[in-house]
Amino acid sequence: GAVVSQHPSWVICKSGTSVKIECRSLDFQATTMFWYRQFPKQSLMLMATSNEGSKATYEQGVEKDKFLINHASLTLSTLTVTSAHPEDSSFYICSASPPGGTDTQYFGPGTRLTVL
Amino acid sequence: KNEVEQSPQNLTAQEGEFITINCSYSVGISALHWLQQHPGGGIVSLFMLSSGKKKHGRLIATINIQEKHSSLHITASHPRDSAVYICAVRPWGGGSQGNLIFGKGTKLSVKP
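Order-wise, the sequence lines are chains A and B.
Take the position in the first sequence, starting the count at 1, then add 350; the result is the number in my numbering.
Take the position in the second sequence, starting the count at 1, then add 3; the result is the number in my numbering.
Same shape as in the complex, but just chain A (with noise of 0.2 Å):
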């Protein structure tokens, strides 16, 4: 089946820094991902839609301005958490799309962020 990946998988860093998280998709392209944030013991929760060679549509309530998203090429996403704070700290999980309009997505294997 078709491979999502990221990277880092886990992540710690100090307060106030940055950290950049990939998604890839492996082996098909990606017109569209997507970023959840799963605090624990919490459901995924849909932060942006990220479209390729245009702006990302953000959920209500998450700041644009401190996560970061670009889709430079149909394979890659990324994630940045702009002056990371510890309330920051979160499993971070991307998803993609193949072109089509389908209902699929396959699942990246997450990045754990952790800011102290």
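Calculated from the structure, these hints are not laboratory results.
Quantities reported herein were computed from a predicted structural model and do not represent experimental measurements.
You may find that some hints are simply not true.
Part of the chain A face toward chain B, derived, beta carbon under 10 Å [what the hints assert, rightly or not]:
no., residue
1, 357
2, 360
3, 363
4, 384
5, 393
6, 395
7, 409
8, 414
9, 415
10, 417
11, 426
12, 430
13, 445
14, 458
15, 464
16, 465
Where chain A lies over chain B, by a calculated footprint (3+ residues, C-beta under 8 Å) [stated by the list, open to error]:
no., stretch
17, 16 to 27
18, 31 to 43
19, 47 to 61
Built from N, CA and C at the ideal position, the CB exists for glycine as well.
Guided by the hints, dock chain B onto chain A, whose structure is given.
Same frame as chain A, but now just chain B:
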């Protein structure tokens, strides 16, 4: 009340048992996903359904659109099946494909 309810929340089974996890939802949907999340957090897509039944190895997923209900079955369960199983639905007219509504998950532990 959550729009996606899963039952049970926790399930402990002996190796070899047949397992059923249920998902009920209250909105019209275009698709339903079953996901598996391992203790380390990584998520694997198991199935995407819009009708009927799908089978992959020891896993079977069914959906009844009229009753707004889906089940995930695991036959001949094994300790490596231990994980959290998550049901997620894409509501009709829900805009972005990623705008899924997730259940809270069912934590399955299979004992040897």
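Now for the hints, and whether the structure bears them out:
1. The interface hint given for residue 357/A is broken, as the beta carbon of that residue sits about 13 Å from the closest beta carbon of chain B, more than 10 Å.
2. Checking residue 360/A against chain B by beta carbon gives a least distance of about 9 Å; that is within 10 Å, so the hint holds.
3. The interface hint given for residue 363/A is violated, since its Cβ lies 18 Å from the closest Cβ of chain B, which is over the 10 Å cut-off.
4. About 3 Å separates the beta-carbon of residue 384/A from the nearest beta-carbon of chain B, less than 10 Å, and the hint is met.
5. For residue 393/A, the interface hint holds, since its Cβ comes within 10 Å of a Cβ in chain B; the closest pair sits about 4 Å apart.
6. With 10 Å as the threshold, the beta carbon of residue 395/A comes within range of chain B, its nearest partner Cβ sitting at about 8 Å, so the hint holds.
7. The restraint placing residue 409/A at the interface with chain B holds, with a minimum CB-CB distance near 8 Å, inside the 10 Å limit.
8. For residue 414/A, the suggested interface contact is broken, since its CB lies about 15 Å from the closest CB of chain B, more than 10 Å.
9. A cut of 10 Å between beta carbons decides the hint on residue 415/A: the least distance to chain B is about 20 Å, and the hint is violated.
10. Hint status for residue 417/A: violated, given a least beta-carbon distance of 14 Å to chain B, over 10 Å.
11. For residue 426/A, the suggested interface contact is broken, since its CB lies about 17 Å from the closest CB of chain B, more than 10 Å.
12. Interface restraint check: residue 430/A against chain B, minimum CB-CB distance 19 Å, threshold 10 Å, status violated.
13. Interface hint at residue 445/A: satisfied, since its Cβ lies 6 Å from the closest Cβ of chain B, which is below the 10 Å cut-off.
14. This hint holds: residue 458/A has a C-beta 7 Å from the nearest C-beta of chain B, less than the 10 Å allowed.
15. Interface hint at residue 464/A: violated, since its Cβ lies 12 Å from the closest Cβ of chain B, which is beyond the 10 Å cut-off.
16. The restraint placing residue 465/A at the interface with chain B is violated, with a minimum CB-CB distance near 17 Å, outside the 10 Å limit.
17. Remark: the stretch 16 to 27 of chain B is not confirmed as covered by chain A, as 0 of its residues place a Cβ nearer than 8 Å to a Cβ of that chain, below the required three.
18. Proximity of the stretch 31 to 43 of chain B to chain A, defined as three or more residues with a beta carbon under 8 Å from a beta carbon of that chain, is established by the 4 residues found.
19. Counting residues of the stretch 47 to 61 of chain B whose CB lies closer than 8 Å to any CB of chain A gives 4, so the stated coverage by that chain holds, three being the minimum.
Checked against the numbered hints above, the structure violates hints 1, 3, 8, 9, 10, 11, 12, 15, 16 and 17; every other hint is satisfied.
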